[in-house]
Amino acid sequence: MNAVEIKNLSKNFGAKQAVCGLDMTVPQGAIYGFIGENGSGKSTTEKMICGLIPTSGGSIKLYGKNYTDPSVRAKLGVLIEAPGCFPGLTVWDNMMLQAANLRIENAEKEVIKLLKTVRMEGAAGNKYKNCSLGMKQRVGIAMALLGNPALLVLDEPLNGLDADGMRIMRRVFRDVIKDGQRSIIVSSHLLGELQKVATHYGIIRHGKMIVEMSAEELDASCRTYVALRAEDMLRTKLLLGSKYSRTEEDEAGYLRVYDITTPEEVATYLYENGICVTELKTDKIGLEEYYIDLMKGGR
Amino acid sequence: MENKIVFEKLGFGIRLKSMLKVDFRRMFKSRVFYILIAAALLMPILMTVMMTMMDGTVSVDPQTGKESIMQGPENTWQNIGTLPGGETMGGMDVFAMCNINMMFMAVAVFVCLFISDDFRSGYAKNLFTVRAKKSEYVVSKTLAGIVTGAFMLTAYFAGSVLGGAISGLSFEIGGGFGIVNVIMCLLAKIFLMPVFVSIFTLISVAAKQKAWLALCGSFGGGMLLFMTVGLITPLTSTVINVLLCAAGGALFAFGLGAASNTVLKKTSLV
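Chains A and B supply the protein sequences, listed in that same order.
For the first sequence, the working numbering gives the first residue as 4, with consecutive numbering after it.
For the second sequence, the working numbering gives the first residue as 750, with consecutive numbering after it.
Okay, chain A solo, but in the shape it has when bound (with noise of 0.2 Å):
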């Protein structure tokens, strides 16, 4: 079974149509990266996940029963946007009452556990107004994480997260999946992060999924290169680029050649041209080059 499963949805908002037939399967276990431009309709489909804005066709299950029905959604976790936390109460009192609203049983222990985990107990008497960002993130975070939830649907929740908060994060996500019956769905414009920790992706754009697979799967087709340094990098460039069809300078400097899996065969054809190379590494494209990629119509 699986933990999400979206058929056709849709949402216009008046003329506009923000999510249009877009269909998403969210393993059980899966961390699931969701990836989009600004815009595109992630938030809107979380949102509508969490039944806080009514679909406009279309059919949203989770683990196998309609989002609507009230046992499922009872066993959900959200952060969405921000954390919703009263600005004039303390983040304990906070806690407590989305506990009291979840119907937690030993509340108290639950509370100073989940602060604990995310690095906030010494904040817990804290006015949540006086929380930093990535404070009030980690808040959210513990929030989300009340009640055991069998989904998290987590939007940007690594906005605002310093490199320990991060770590955290990455770890509590681990954590939450590793009985294998547990989701994530993540969204994040932070793709190197969200590839440290996602086992499966769905890339939206304008409102329609245009690529869900696996970690392996994106792994299998990223595109690997040759990435070098030389004397004469201009005449290098000039080169490469006359022999192999994709040459690009990235950003730290390097030359790449593309879908070459043999660093052996340029360092020779350099050689033989009387240019000694002086760095030479085989690498493939990170989640961030391989949506830019996609985005720019590229796959």
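Just so you know, these hints were derived from the structure itself, not from any lab.
One thing to keep in mind: the hints can contain errors.
Below, in silico cross-link-like pairs of lysine to any residue (SDA-like), each with a Cα-Cα straight-line distance of 20 Å or less [to be verified]:
| hint | chain 1 | residue 1 | chain 2 | residue 2 |
| --- | --- | --- | --- | --- |
| 1 | A | 68 | B | 770 |
| 2 | B | 882 | A | 57 |
| 3 | A | 64 | B | 968 |
| 4 | B | 770 | A | 107 |
| 5 | B | 778 | B | 892 |
| 6 | A | 68 | B | 928 |
| 7 | B | 1015 | A | 13 |
Since chain A is already given, all that's left is putting chain B on it; use the hints.
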């Protein structure tokens, strides 16, 4: 983390109980709640004492030179309703206009801010994600509003008694009516509170985070019924008044509660 995911089916009663727990916890932590109750308690004391002190004061209209004498309260219960034989809307009688019935409008402040806070803070996202049914939200908010209204009415009643005692006013009602009728009058007003609270709840869930819109709409909507409160719940109320108000309150709460539920179902909650 536990291993098996259990999707529990919960009845309305259990869902409502947890929602009430959230709302009542918030209510008792809310500053607005205490400010309104304090205002409800102090207002009649100040009004009665000041009006008693000004009783008999002669004022002269600077344009016409006409003299007028300020008339203070004669009876403690003038803060609650018009005495038997008196006019309901007695001209310049400040007590006929500004009495306990103001609490029916003042409770709008609590209901509108209480509901709009859910949407402004984003708490509605947490709430409605885990609550597919909206009925318990509407019932809980209406109950919180009614309880606040009841507290305010009781505080105003207590303030009136204190004000009357401080100013040495009469506690006699006359016309063969007694304290039982005053209690019935208060009970009738408390049972009438759901009528107003359910109107304010409906307007607030429609306005969502726009507290100003909810407040304007609520004051406007409440005004339509405000004038009838004095007629339905006179100082000489009996059990019949209480029952009629209870029936009216229940009907309004059910009808407008269903409308609020539909609004929440059909509109965006963020």
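Hints, one by one, checked against the model:
1. A:68 <-> B:770: 28 Å, violated
2. B:882 <-> A:57: Distance ~13 Å between residue 882 (chain B) and residue 57 (chain A) Cα, so the pair holds.
3. A:64 <-> B:968: Cα-Cα ~42 Å, so violated.
4. B:770 <-> A:107: 12 Å, holds
5. B:778 <-> B:892: This hinted pair holds, its Cα atoms lying about 16 Å apart.
6. A:68 <-> B:928: 59 Å, violated
7. B:1015 <-> A:13: 15 Å, holds
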